[in-house]
Structures are given as C-alpha cells and as structure tokens.
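2 protein chains.
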Amino acid sequence: MRSPSQTVRILNMVVRTSDRLQKARHFLKANNVQAFFVPSEDAHQSEYIADCDKRRHWISGFTGSAGCAVVSEKEAALFTDGRYFLQASQQLDENWTLMKQGLPKVPTWQEYLVKNLPAKSRIGVDPTLITASDASSLEYELQSVGSTLVPLEKNIIDLAWGAERPAPPTDPVIVQTVEYAGVSHTDKLASLRKDLEAKKIYGTVISALDEVAWLFNLRGSDVECNPVFFSYAIVTLDQTTLYVDHAKLGNDVLKHLGDHVSIKSYNEFFLDLKNMAATLSSENKKLLINSKTSLAVEFAVQKQNTLMDRSLVNDAKAIKNPTELEGMRQCHLRDAAALCHYFAWLEDQLGQGKQLSEVDAADYLENLRRQQKDFVGLSFDTISSTGANGAIIHYKPEPESCKIIDPKLIYLCDSGGQYRDGTTDVTRTYHFGQPNDYEKRCFTRVLQGHIAIDRCVFPLGTTGNISIVGSYLLDPFARHALWRDGLDFRHGTGHGVGAFLNVHEGPHGIGTRTSYNDSPFAEGMTVTNEPGYYEDGKFGIRIENVLLVRKADTPHNFGSRGYLGFEHVTLVPIGNKLIDQNLLSPEEKQWVNEYHVECLEKVGALLPKDSPGYKWLAKETAAI
Amino acid sequence: MRSPSQTVRILNMVVRTSDRLQKARHFLKANNVQAFFVPSEDAHQSEYIADCDKRRHWISGFTGSAGCAVVSEKEAALFTDGRYFLQASQQLDENWTLMKQGLPKVPTWQEYLVKNLPAKSRIGVDPTLITASDASSLEYELQSVGSTLVPLEKNIIDLAWGAERPAPPTDPVIVQTVEYAGVSHTDKLASLRKDLEAKKIYGTVISALDEVAWLFNLRGSDVECNPVFFSYAIVTLDQTTLYVDHAKLGNDVLKHLGDHVSIKSYNEFFLDLKNMAATLSSENKKLLINSKTSLAVEFAVQKQNTLMDRSLVNDAKAIKNPTELEGMRQCHLRDAAALCHYFAWLEDQLGQGKQLSEVDAADYLENLRRQQKDFVGLSFDTISSTGANGAIIHYKPEPESCKIIDPKLIYLCDSGGQYRDGTTDVTRTYHFGQPNDYEKRCFTRVLQGHIAIDRCVFPLGTTGNISIVGSYLLDPFARHALWRDGLDFRHGTGHGVGAFLNVHEGPHGIGTRTSYNDSPFAEGMTVTNEPGYYEDGKFGIRIENVLLVRKADTPHNFGSRGYLGFEHVTLVPIGNKLIDQNLLSPEEKQWVNEYHVECLEKVGALLPKDSPGYKWLAKETAAI
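The listed protein sequences correspond, in order, to chains A and B. Be aware that the first sequence starts at 1, since it is given in full-length UniProt numbering, and climbs by one per residue. Be aware that the second sequence starts at 1, since it is given in full-length UniProt numbering, and climbs by one per residue.
Note that these hints are calculated values from the structure, not bench results. There may be inaccurate statements among the hints.
Note that the list lumps identical chains together, so a pair holds whenever it fits in one copy or between two copies.
Computed list of lysine-lysine pairs in DSBU-like fashion (alpha-carbon distance at most 30 Å, straight line) [what the hints assert, rightly or not]: (1) K105 / K199; (2) K115 / K199; (3) K440 / K551; (4) K100 / K199; (5) K440 / K589; (6) K200 / K303; (7) K105 / K200; (8) K577 / K589; (9) K120 / K408; (10) K194 / K609; (11) K602 / K303; (12) K115 / K100; (13) K285 / K248.
Just chain A, with the same shape it has in the complex (with noise of 0.2 Å):
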C-alpha cells in the first residue's frame, strides 16, 4: 500500500529546515516557553502514524519510525536509536544536532530538557501527544533545576506547519461483520463491563486506536497499514459512547452500533472528560486509564478520579476467540499461495538474469496478495531487500535508491497483508544461487531457533488458562543455537499481531522487555517467532512465522493444570537451500519435513497443479 506521499520520500533528499525551525520559534516567544517537546506519537500513541501527524519529520526533516525531537530557542536536537543514526545524520540539515541514543555520555532527551536547557526553564508539550505517565516522571526530574512542563493549548509545530499541514483523513469506517469478529460489539462491552465490575471500577477510557477498532467492530484506513480510524471511547457501567467524526460513519455502521452506543464527534471527547470530573469526584467513581493515555487526559478528567492500570481491552483484544483463529488459519493460507507464486515468480526471472529492483519485487508481490480474497491492503511496508540491505533491520527499499536484486547475495523478503479475517506477518531469507557455507550455517542457526520455539510447550498455572511462565522467558531458546556460534541478534523474537488489525500489538511478546514480565502467555494468543542473524555489509537472515497459542497435547499432565504450545499457521517454505544438514538434530531434521509436508498439503491445495507457484511449493517442500 505504498502511498504517492511515501514514494517522494526520498532517503537521501535533506529538507532545508530554517524556516520552518524560524516559524516554530516564533510561537515559542508567543507561548512564553523555552523549549518544545516533538514527540513521533499521535494522540492515540499509534506506533504508525498518519500524515497530519508526521511533526517530527516535518521540523526536522528525518523520517525514521522512531525518535523524538526538542526544538529550543537556540538549539534544535534530535534523538534516535542506534538503527537510525546513519540516516538520520543523512537527512538532518546543519540547524539539527543528532543525539545518538544509548552512546555514552549522549544524554536522554529527559536528560537534556532537565541539564541542556538552563535551569528553570518552561517546556511546553502538547499533552495529547505525551502519556500521564512520561509527563509525571519528567515533571519530577525536571523540579529538581526548577523547570517545569507547560501543557499549551495548541502544538506549536502544528501553527508554525500551518497551511500546509495535510488535513485528517476522512476515509469511511467500515463495519467488522460477526462473521469475521465472532463476538458481537455488545458482547464485547457487557463483558467489558463485567471486568470493570469485578475490579469496582466505574469506566474506562479507550484511547488506543486499534483497542476501540476491536471493541465495536469496526475498522478504518486513516493510518496507512493499520485498520483504524482516529477515535476515543468511554465506557462506564452505565454508558458507551464512540468519539469519531460523523461524517466517517455510514448508515451501516450506525444500524450495527445499535440505540446502546451514544456516538459524538472526535473533538467533544475532551469536553465530555472535563463535564465529567465535578460528578465522578462527588460520588467517588474512577475512570481506568493506562500507560498509553495522554497526559491530556489525565488533565482533562482530573488526576484524583483516574486509576492508572492495564488495559483491560488491551488484554481482552489479545485472546483471540475461535472465528478470529481460523480467520488467522485461513488467511494465512492464501497469503502463502501468495507468496508461492511470487517466489516462484522472482526465481525464474533471477534465473532468466532479469534485472529487478527490490520495490519492482515488492510491488510485484503487493500485486499478487491483492488477487486474494477479502485481501484489505498491506500490513506494512514489505522490506524486498538484497545482500547487504537485509542487514538493515527496519530497511525500506524507496524506487530512487533501492538495488537491483543479486541473485549471487541473500535475498531477505518481510511483508504481510490485511485480509478481512485476519492480519498476516512471514519473513523468508532465500539465496537464488550457491551459497556460501558460512551463510548456510547462519541460516541454519537462526532455523534451529525458529524450531525451538515453534516445538516450546510450557506449563499452565493453576488459575485459569494463563502459563506460569512469562513470555520473556521463551526468548533465549531462539538465541541458544546462534549463542553457542558466538552468534545473535537485536531485536525482540516475537510480538503479537492482531485479527485484521495492527500487525504489532500488546500486551505479550517474546524478548527481555520488561513488560514482557508481567504479560504470561494464555491459550488463543498469537506471537510471532522470528529469530534472526545480521551481518553488517553483507546479508540479513530473519525466518518469521505467526504462532496461535493453544493447549498442549502432552503425554502426562503433571501437577494437573495442563500446558500450552505454538501452531503455527504461517506456511511459507523455509528454503532447503540455505540449510546445513549437519547442524540439525533428527528431531530438527524431522521438523523441516513435517512443516514441508503441511505446506505442500495447506497451501498446495490453494494453488493449480501445473502453476508455477505449486510448482515451486512441490520443489521447496522436498524432503531433506
């Protein structure tokens, strides 16, 4: 689904940033403030964001995923991770200094709004941009140089974009029929409410834009990839009401929204949370919110009536119930036969010497999901990358910059779709020649982690269908193999993926995160698994397939309470070819020929027996 605004983003083009940064330091003077604060979230702390909300790229000119910016009178800075540096010295003119996060001495930028601004400086923040949470923190370090944190009405950036800032979307909400969702949106909210009632809590605030999507069943384009649209929620014991512009709503969706949701536009939400304090206070009712609910919030409905805790949608979104499963199943399937077709598609042209750029492939594959049925769009930009290019991580190849394919390197392709019934995310790591045997004994480093954690069974506790064993705790048996080479990677090995929603989400995953720690896996959850192995300069290695959490069938049961396992229901050929037969275990060995034999079975039967694509799946399937 790339976007005519995307493909003129040019990686190396630098934006010329002094009048915008002259405009933005206008309105600092007018605001009485020192410095402001550039977030890269949206009110919703959306991970994508649309492009009305692309601040931090529009004042600084860099428009990697993750960052955040400080414009002061004086000074522009610019903070990001160790995956952006190099681009971000490439597109950040001489007005920004880039502060490399997690180099020493290299302050945070708390750090540096607390010890690089002078003391007793007032910091302004747009407070729909920054959660309660951060906002408190920062407030605190701040009192200790007399600073202090100005909420302003309106985000400096946005006056000084002006104009010019791209209007938000307006695209139609669509309805999530039961056919696909499986629990009606009334369900979902007198169960949300039972949870409410068990924790004594009066309401909820639902700002996360995908826990709203998921709770009324109902699904947008206004960010690119993810299947939501810009909205707030409030439901307490006794009332729902949907924030969201009237004009997205057709009168399908206000027919499946029913007499029992009050629906009101996107901008009283604010209002309503103001009208609402003088009551909640007088009759002692709280409002649940979370780590991702601005600090504007907060303010809004006032601190003394919020309870700060866990999303109790979030954590309801994550188990998915039986049609969401066999939407993922069957989804999965037809992006497979996707991808066969594809594969096979770039192997006979490599083999040809055809010359293919990496987004020529990318578009080629784009074009062959959209054949599909109840295919939506992409679930993010597909990484279609060569050789050296597959080490970098978050790599997007843009058609002015991208490489031709070279079917001597590794050829590492990480997409996925939007289909109605669910969301899907598959990594293959291919070389269409000989490889090397280091790169196979990479390869099949990375494989013995990907088994490992596909063939995990872990045990349940004893309340509930919850593992004892925390998420966090499976990561290491996709690092062992690649560990004992003196090999790794960085980056987490597995994250959620939602049911035609956000391909990312919470709140469980397979890493060190700390959150992690606090999210065990439950029965109907999905993860990704996919361990990976990059070498700077020269490839990239990622297998990556979609798990379903499920009851393990094991032969005992000890201690009674019964264990979890993984299914897998992504079913992409792993690619013999880049195997080292002698690494692998009998039971390893056995893997790969069982996944193979369930391709060829699942996908095969999607595909026309002398097509090219079954083809392929029939010569990739063979057994090892």
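For this one, chain A is given, so just place chain B on it according to the hints.
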C-alpha cells in the same frame, strides 16, 4: 556428620508442648505482649542453625527446616509450606494449629498477626531474629489494625527454655590459608574499601556468617555442615572490627588476622553500633546494611545512619578466584573417587542380596569421603533414598524410620562434602535392577534438561565480565524436555556453592526467584545444575553437577563482547541403564559419551586400576 543430638530426633516422636507453652505464656504476660513471633532463622539469617537457635523446633516440636511459629495468649500456630505438611501434622501436638502456607484461605504469618490476633495487639519479636526489611513491611501492615511490633530485650522462647537450652557452640576457629583461599584477607578488605569508596559509603555491617568467614579467611564449625562461626564484622573506610568470642581464637588465628583487625567479643557488637550512631549522624556517614540485616542492627545504629542495598561482600564472594576454582575442581575429583567406590560397593552388596538401610548406605559413603585428603565434614545431611522416599525432595533418612534399599526401585543419592579446598554437592539416580520404560523416559527427560543447561552458552554484556542474561533466564532449558512430555519439577534448577563454605549461597541461581533477576552470571561463579522429576509414592529422579561459569570458546564473537558457558567439575557417571537412547539427539549422546570419557580419565586416575571403584567406573562409562 550426623551428630548424637540428631540421631535421637525421630520423625514420628511428638514432643508434648503444654509445659513449654505455659512457660512461654508466662513471659508473654511479664513482657506485656499478646503474642510472640518465633522464626526459624538465627541472628545471621542462616539457613542451617546451631542447636541453641532451634527455638521454633523446641516450642512446637516441628523439626522441618522451613517455617515459623506464633505463640499468643490463647493460640499457637505453626506456618510451613507444602514440603512439610505431612511431617508437621505428625509432629505437632494438640496445642498447635498447622497453617498450610499456599493453600486457599490459609493466612500467611503476617496476615495471621494482622487479622487473626485481636486489633491493637502488642506483638513481641526478638529484633535480632527478624530482618529490618521484614519488620518494616510488617509494621506497616499492623498499623491498619492498630497493632504494634514490640522488640524485646530477651527472647521469650529462650526465657521459657531456660537452663535446658543448649549452650552456644565454642568450637575453635581455623585459618583458611591463602594456599586455599587464593586471596589474603588484607587484599579482600582493601578491595571492599575500594567498593565502599566507589559507592561513597563510609562502611558496612557484615552479619551473614559465611560473609565474615570468607572476608577474613577463617572457618569454624558452629553450625552443622556449614564451616562458619558466630561473628559479626564492621568494616569502615578506616577501621576493621571482627566480633567473635576470644575463646575461639588460637594464636595462629590472631597472628593471621594481624594488627589491622580489631577483635572484640561477639556481645560487644550491638553496643559498638549504638556508640557509633552519634558520630555517624554528626558526620553524615552511612553504614551499608542489606536485606538480611536484622532489625536489631538497624535499631542500634539508627535507621537514618544506614543505607539498604546489596551486600558487597556477598557479591564479591560469589566470584571465585583461580585458586578457589582449581580447589573446586580438585576436591570434586576426590569426591567423585569416593562416590565411585561407594556405588561399586552398593551395587555389589545389593547384588549379593544384602539388606542395607538408607542410613547404612549413607554412613558407608560418609566413611569413604572421610578417607579423602582434606575432608572436613559433610556439606549437608546425605539424602540416601529408595523408591518413594526419593520423591520427598528434602528427605533425610533416620536410623529408626528409614527403609531398606530395594534394588527393584530407583535409588537417589544427593550428598556432598566440605574439603579444605572446596565444597561438593552431587546427586545421582541409579537403578540396581531393571528400570521400566516409564522410569527410563522420565530419567532421560531430566537428563536432557541437565545437558541443555550444561551446554548453554550466553552473551556477556558490554561492560565487565557480567552476562546480559539474568541467571533466571536459563531455567526453562532445564525443563523444556520435561514440559514436552507434560512433566515438571517443583524446585529451582541451581544454586551457588561456596568454596569450603555453605553449600547454598547467593546471590545468583537458576530458577524463577525474582532476586535472580538482579544477579546475572559472571565469570568465576559456581552454580548447581540439578533438574529432577518426582512421582509421589513412587520414585524421585535428580541429576546434579556443580558448574563453574567460564568464558566460552565460540567460533564467532558477535557484538565483540564475549560469551560465557559452563565447566562441570562434578565427574560421576550418569547411569546409562536409566537412559532411553531413542529420545536422545546425536549431540546429546555425544555429550554423554564425552562426559563419561572425562570421568574415566580424571577420576580413574585417582583409583587403583584393580579396585572395585575403578572397575565400576569403567563399566559405567562405556560408550552408548
């Protein structure tokens, strides 16, 4: 090292406690408290305690190693965990209520003090026996019902016990010469002062007995199986004071300690702390205390003069120096030679149809260890268990109640020795008849976990020799093979081991304790690798080696940070008869064979070629 005082402890003998409770309640009244809390620890929070400190045992009759008691005007309650429900219910008389910790609706001892005792109760404690941090959180909870914690000058149990209470031990202290310790106590003190300076702390209280023994290169025998002596120490930037009864110190010890260590009597410790308080306050100096420091210490020196943090001495002690590491290797070889001799004898005796009790066998083993060079004593009571007794994880056979070893059942032996050059701890599980398929499968799953831990390689962090992998993160490797069969075990996988010191030491370990989170592995640490499987009423399986944490020799070095792995110093045959070879991967088989070659080479060198021990070793190390 079974002492006379222990052989009369019969599991099923119920102590009549009416008289004892009556006396204790007399002192409750005299001290104007409504209840008295009786923990199982001594003033040093030792895991093993001297007879004079067995207060909970004396007042309740319960001999288990874990649990505490509350004696109030009307009630007497004993709190213990699942390991001891059966034993406690057999040992407690009608005066006592057993509180089964962990079962639904059973209060913890803290909840009991808050909720079961009348509001506004005055609850007596011996401030030397409760940690400052436990007391602090308990006081906070008691506030809610208006109850208070009352630190008493004299322990109520000691008053009731009176003249019958055993005298504190007076065994002589011995010097652990540099030949064994590797580093002189003056160097250790200098290093401790460097750590204090780096943290800008004036001094530290050392209250754990093994920390004092390690720091001064001294050993004692005040506590069974633990070569420690009753003592405290205070080390400041300008002074070192060791508090220990003079009668225990010979001239060699005095000469060893030298002029720079002030020696005061054990009883002067608290008075000195009180005297320090004013100076500390006026000069704004702090003494470091840790989570195991008693309330009495915090009280004497005054809380505002303390700083609660990790113990610097405990952290330093955990990293063994090259001499200690070599000592561990050497004593494990001699220990293994004794074990080979033992198992050869046991197999022969049982083969001849001899009737041997579990204690007969344990005593024979102790005698064999006693013949080894530099043997001092056992490092813990030998667990020699046949059949179902093996499933009792903390089983200790008693002459009056133990079983005759049945060669048709699995035999589990967990034992260890204290040697001048190190401490051993080894478990082997053998079958002297013909194991059935199920027993073999369970054993093999345990073995696969053992091998997985032994072969682990994991990355170092970017600074120093400390791993980025929390020691708890390796735990699932010990269980993954069991989990796949729906099996598991209910104890940690590994603990630190002292160098001629306590067999259990921290701060690290392999398991899910949250404290392990903050104690990643570092080069030079010791840790046991002891997965198991237990089937109540049938059998117990455990395979335990002691490992040293060492730099791993990896073919690559991603991140240029180095990798760590393990070296096993325990070299006793695994027991091929219980292995189901069909379950092992070629790599696992290779591990078994290589391990056995190492056993034969290294331990065989210590046994005469024509001895039964050597012949047994050669038979048991045959390749599979």
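(message) Hint compliance check: list the failing hint numbers for this structure, sorted ascending.
(response) The structure breaks hints 9, 10, 11, 13; every other hint is satisfied.
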